[in-house]
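Novice: Build the complex: two chains, separate frames, hints provided.
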Amino acid sequence: MSDAENLVEVGPASEFEDGDAEIVQVGRAEVGVIRAEGEFYAIRNQCPHDGGPVCKGNVQKELVGEFKGTGKRVDQQYSDTDIISCPWHGWSFELETGIHIGDDRIRVPTYDVVVDDGIVYVDSGD
Amino acid sequence: MIDAEAETVVDCDWHYQDSFKEVAEYMPEPWHTKYKNSFWEDSGVTQALSSFFPTSTGDRQNYGKVLREHSNYPEEPEDPERVTEGMDFLDIDVSLQISHLILAMGGVTADDERVQAFTKGYIEYMLEEVLDPDEGVYGLAPMPYGDVEASLDILERVEDEEAYVGACFVTAGASPPLGNRKYDPIYERCEEMDFPVVYHTGGSGLDEYVRAGYQEMIETHTLGFLESNMSQIVSVACQGVPEKYPDLDIVFMESGVTYIPGLVSRLDEEYLKRPEEAPLLDTRPSEYITDFYFGTQPLEVSARNDLLELCFDMIGTDRLLYASDYPHWDFDSPSIINELPMLDDDERRAILGGNALEVFEI
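Protein chains in written order, with the UniProt record's numbering: chain A, 1 to 126; chain B, 1 to 362.
Bear in mind the hints are in silico, worked out from the structure with no lab data behind them.
Backbone N, C-alpha and C fix where the C-beta goes; we use that ideal spot for every residue, glycine too.
You may find that some hints are simply not true.
If you want a taste of the chain A side facing chain B, the calculated C-beta under 7 Å gives, among others [stated by the list, open to error]:
#1 40
#2 70
#3 71
#4 90
#5 98
#6 101
Okay, chain B solo, but in the shape it has when bound (with noise of 0.2 Å):
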């Protein structure tokens, strides 16, 4: 036995503790102020490493630009008083709550049931301590659509209680894509139930599921939540959900509206070259997907009110549901859908509220 205080002794994983409150302070601009905006000394050891190399591409309050209380994630718990205070702000009489932590299920690709716990206690302390139908706070109840069993369980639970009043299916990440037969158990289910199914887009893997290689969250918010949603949907149709499924109600979120006319001009293209390869369709594609239902969030105001128009027309004024994604820093008020020019009144009303109370049976 050697004697090792006489010997050379190597540690290969030491960590220093540095801060990066000091180590800015020798950076170069632009990152010196970029980085010193962006609370990186208010948030905590986890949060700063977050927003100063962050695991997505971007900080989600712009560095410091977007000030707003909680536009980013808070550091402390949700209260669900905030839900009510949130709904006064907007103004907003009926809202949906859909988990902000289970958005983040795309990246998890572990055969374990964290999914399952997870969804299944979100369940139960929303119904105990946020949902309310009284006050208008309703739910949606995440789908661990991995696990079939588990969703199935899960509308069992929530299918008397009056505060869930849908089914939430995060879409990013969804493998195989959600149009696969895997599936069809909790579609049967949700139409027997008449719960409509929620395809919400989700900000998980966002960067691996573009083109890794981006650098800033303007190119990968831009088409993260868009791509995952154009996906589905493709699927979803294709493979024939709603000739299997009739009666079920299909929304999906958080990809504004400009992109669908595109996404259906082009699967139709397809289509009609191909029918084939989708059996089950009796017409092209965009008979199904314009009678989905899409949540305008966020809509697309830099857009020509012409090109909005057309993309309401093709979707149809009854197909479309106002959407906040209040409190996330690109959330919509209502009066982006009141003030666009080529509404009606009734149709205003339909998109802020009568097509959402008729769908989700409120």
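Chain A extracted, bound-state conformation (with noise of 0.2 Å):
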């Protein structure tokens, strides 16, 4: 459990439909809290790319390809991979690391969530 001096209240966690985000202020960045499936994520709200408000983008699972065989059409379904696209360009990064899912190079910085009493709250890892 992190210190309670650390953690930054976002609201009930009843508040959330899974696709909410709730934008907070976590020291200097801007933090957006996700629910998606049941899980809370957040993560900050600044594309690498060119600033964008990635938390107020969709929130979907990744598309993959897998290589069937020589001459067979690529595989294409969705993983389990929650992805979330900045919706200025559409840089996509992994719900839960931040990791871009085209460079794992590039990356959004990804905070702890923590529920407590029903209440949410980010870890700004003070």
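Specialist: Take a look at the structure:
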């Protein structure tokens, strides 16, 4: 459990539906707290590409492809990985890790989320 | 029945055998001199027709300005001895022969077997009369890639022939583009044989390929070859050929080098926004493309050296292969590489020969 002084209150967990995002200030950063399939994630609301509001983008499953053999069409399916896509230009990141789905050298900072007594907090890490 | 002799008869398709020589005397300048210099008197009816009303936007000899023998298509059939003469002229020890005639295959849309027949005949002719590993004369086997089975037949034919060291795809006109799964069996076989795939851009259909309405060869020759290679690089990379066949060596020929950084930068830019459309890639397209090899000709010696240096750095001097394109009119001599100031001697040696010896296992 994080120190209480590191926690930034976001609001009651019961007020989040899947796909909802709430923006809070964590230190000098805007952070989006997002609920996807019942889990809470927190990711900085600033796209490393052009500063766009990542957390206002769509949350979807990542589309992946598998080579099924010579001459066969690439099998495309949605994986179990949740991604969030910046609404400005489409740069997309794994919701859990903040890693860009096309280049793992690019990453949006993520934060731990704590739900305590029905209240959602972001751990500032301070 | 009428009496034809008594009737008026109209023949609607009569061909007057006019002569350019005669007509040109009546043409205004500069056309009179321009075409008088373009060898139309010497080359027979067919060649004169082509140089006067060229099927591309220009005369390869630039209306008599390029006077070197064989800079244009020779009237006489090729003589195998000219290969070693040309190698002596350029001081080249090993050459990889690419069929000149197959460069036009991109313009063939007929659903028949002419390309297959040509390539099979070419393979035998070259083995019998031209290729000679003892003299450093090797060949690239042209792939009639529109017919995958025929391509596999050719690969099987040349598999144990020392003289053939790679497969050649003429890129102009390939439809669908060469990253399509249709061609997978050829790539799979080439990988299995350790046979590099050489994508060689081609001149056929350049005018249609780029922009109908260009007026001069300088326009189509600047963009046509380039656009042909670029379209295949994008297809091969985005469709994941390097992921499907990771041990396949991929070589792109005949577009210089300065286009590559621009292309990969633009492609990466797209990829970061739309990676789900290239789902086989694990990282940026540029990471795959800079693993490809690139023939240097025609190297842009007109470019600033710092730009060339930047391009060489981005591609990697271990990925560059000297190519002359001899005897075509815009051939490059080895000195073009040797005199680049930003290279050290090891890099010069690598580009001029070392890289190719390794890739083609010569």
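Novice: Need the list of violated hint numbers for this structure, in ascending order.
Specialist: Of the numbered hints given earlier, those the structure breaks are 1, 5, listed in rising order.
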